[in-house]
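Undergrad: Chain residues, written in single-letter form:
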Amino acid sequence: MSELLRPFEFEFFRNGLMVATVAGALCGLIGVYVVLKGMSYIGHGLSHAIFGGFAASALLGVNFLLGAGVWGVASALMVNGVTRRRVIGADAAIGVITTASFALGLALFAVFGRAGRSFDAALFGSILGVSTADVWAVVAVAAVAAAVVFFAYRPLLFATFDPDVAEVSGVSTSRIDALLMLVLALSIVATMQVLGVTLIAATLVIPATVARMLTNSFGRMLVLATGIGALCGFFGMNLSYHLDVQSGPTIVLVGAALFAVVFAATGVRGRRRVAHFDAHAAPATLTATGPAVHR
Amino acid sequence: MSRAEQALVELRHVTCAYRTGDGPALVDVDLEVAPGQFTGVVGPSGSGKTTLLRVVTGTVPLSAGSVVRRRGLRVAYVPQVETVNWSFPVTVAECVLMARTSGRRLPWPSRAERAEVAAVLDRLELGDLGERHIRELSGGQQQRMFVARALLGRPELLLLDEPTSGVDVRTRHEVLHLLDDLNGDGLAIVLTTHDLNGIAAHLPHLVCLNKQVLGSGAPRDVLTPAVLERTYGSTMDVLEHGGMPIVVDQYQPSNVVKMRRASGS
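Here the protein sequences come in this chain order: A and B.
Just so you know, the first sequence maps onto residues 1 to 295 in the working numbering.
Just so you know, the second sequence maps onto residues 296 to 560 in the working numbering.
By construction, these hints were calculated from the structure, which means they are not laboratory data.
A quick note: this is a predicted structure, and the numbers were derived from the prediction, not measured.
Misleading hints may appear alongside valid ones.
[Unchecked claim] Beyond 12 angstroms from chain A on every Cβ pair, some chain B residues (computed):
(1) T345
(2) A359
(3) H428
(4) K506
(5) G528
[Claimed, not checked] One-sided excerpt, in silico: chain B residues whose CB lies under 7 angstroms from chain A:
(6) C311
(7) T354
(8) W381
(9) E389
(10) T396
(11) R400
(12) P404
Don't be surprised by glycine CBs; every beta carbon is placed ideally from N, CA and C.
Based on the provided sequences and hints, a complete structural model is requested.
TA: Below, the structure written as structure tokens:
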């Protein structure tokens with residue numbers, strides 16, 4: 001038991017654990033919208049795009065959160081703007097904009113050297129560099145994301161489920177999409193330190209996917225995905241210490257293991273739901289005639 | 296002119312085109328929707344029926360012309376069920392409550408909202424299904440659920456895009472009876488349909504559309520061989536049964552060739 005509690009004696013671990021748990025909850029929450037909008041790839045793309053901002057902020061000597069944040073928000077809004085035109089698909093827009101930004105980050109590192117925070121930490125995450133300020137930054141972004149989801153719950157749900165009808169019903173889907181992109185970009189910037197750019201996408205997608213297998217209610221899915229993300233962050237970080245493996249991969253592997261268990265356990269329930277649906281299908285009849293509604 | 300007589304929506308010489316370069320979706324369209332009116336819009340695929348509804352809702356930019364809506368008009372839109380993501384994790388009650396996006400900011404419904412949702416679900420005979428997932432409903436129930444969502448916004452004008460597409464005859468009758476009841480309560484309705492005999496012939500007012508309005512009036516006046524040929528580019532016979540027109544497609548190989556030539560395929 002004392003061996004399990006030993007890492008809590010270290011401040012860097014307590015900071016890392018706090019960040020991993022809050023970051024997991026944050027990614028789980030935002031991941032619900034990402035997954036349901038069919039934009040799972042954007043987490044992957046945007047985290048790479050932000051790598052460009054990471055490189056630029058390191059080279060310019062500006063605050064990492066500020067530089068990467070501005071870069072990430074700009075990339076997210078560009079993806080959103082291109083996608084809304086409907087001429088180019090979301091996957092292509094994400095592919096072009098985010099990979100270009102990622103490539104720019106690599107080029108900056110190649111030309112000017114790897115200044116500032118470590119290259120590997122940005123790619124795969126590390127708890128060693130997590131300061132108290134980083135903890136507060138993640139908590140602040142999580143609080144903003146929770147507030148946005150809480151107070152814009154209804155328009156966010158409507159715009160995610162049925163954007164065309166939502167627009168007719170008075171929801172500004174362009175503003176809602178932009179707001180979601182903004183929160184997503186901030187979430188990725190805030191969690192990049194622990195998870196790394198290559199693994200953030202998994203923490204966005206896995207909790208939401210596991211939650212979807214457990215419920216048919218949107219409200220419950222949000223709560224479940226947030227809780228699952230937090231649990232994966234907490235247990236992944238503890239495992240990371242004891243197995244001496246980087247935090248990002250460990251957190252993702254905990255999530256993947258949970259996915260496998262839930263997938264196996266809910267397979268039967270899924271089939272039951274299909275059978276339940278068939279039992280309620282209305283039988284066809286060809287004998288009746290239609291009502292006249294002439295007036 | 297009193298408010299009761301004033302048109303809900305008036306389209307004047309409306310032309311609009313998408314950016315895909317396929318040419319205009321609508322050309323010089325005039326249309327007026329009066330309070331309590333029940334109109335069906337018919338036309339071939341790609342004739343601009345859905346675009347016409349989107350023009351009425353104000354979600355499509357116009358290339359030319361204007362749309363005048365009565366001040367404060369409440370419009371509700373029921374989408375084609377084929378466009379709905381039926382795997383989305385949402386219960387029937389959650390889906391209906393989506394209509395309430397303004398006012399209360401809290402995620403959960405107030406007691407009054409819960410009562411309103413229950414009342415509208417009861418009215419549409421979905422009272423026991425509020426906690427079901429939307430995929431667990433039959434085709435007719437799914438259509439009624441979206442009508443319930445529309446009604447929760449207390450609309451004066453209800454727009455429905457292909458409300459009976461892909462449903463069986465009994466469901467089609469259920470939907471038509473429901474819309475007839477709602478129209479009887481004073482709700483103006485505009486729907487699009489491909490079903491000339493099962494739906495269009497039963498409505499009080501029809502608009503034949505193929506980029507432009509090619510006929511407008513009662514089914515008896517609009518469902519004629521001449522108007523139908525202009526609208527569909529295909530010859531059709533029109534018979535009469537029980538005082539209603541019945542459209543019979545004249546399938547001939549020469550017609551098929553003519554249609555292929557017209558479409559350039």
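Undergrad: Each hint should be assessed against the structure and marked as holding or not.
TA: Hints versus structure:
1. T345: violated (10 angstroms)
2. A359: holds (22 angstroms)
3. H428: violated (4 angstroms)
4. K506: Holds: least Cβ distance 21 angstroms, greater than 12 angstroms.
5. G528: The assertion about G528 of chain B holds, with a minimum of 26 angstroms to chain A.
6. C311: violated (15 angstroms)
7. T354: holds (5 angstroms)
8. W381: violated (10 angstroms)
9. E389: Hint on E389 of chain B: holds, closest Cβ of chain A at ~6 angstroms, below 7 angstroms.
10. T396: Check passed: Cβ of T396 of chain B comes within 5 angstroms of chain A, closer than 7 angstroms.
11. R400: holds (5 angstroms)
12. P404: Result: violated, 10 angstroms to nearest chain A Cβ.
Consistency note: the structure conflicts with the earlier hints numbered 1, 3, 6, 8 and 12.
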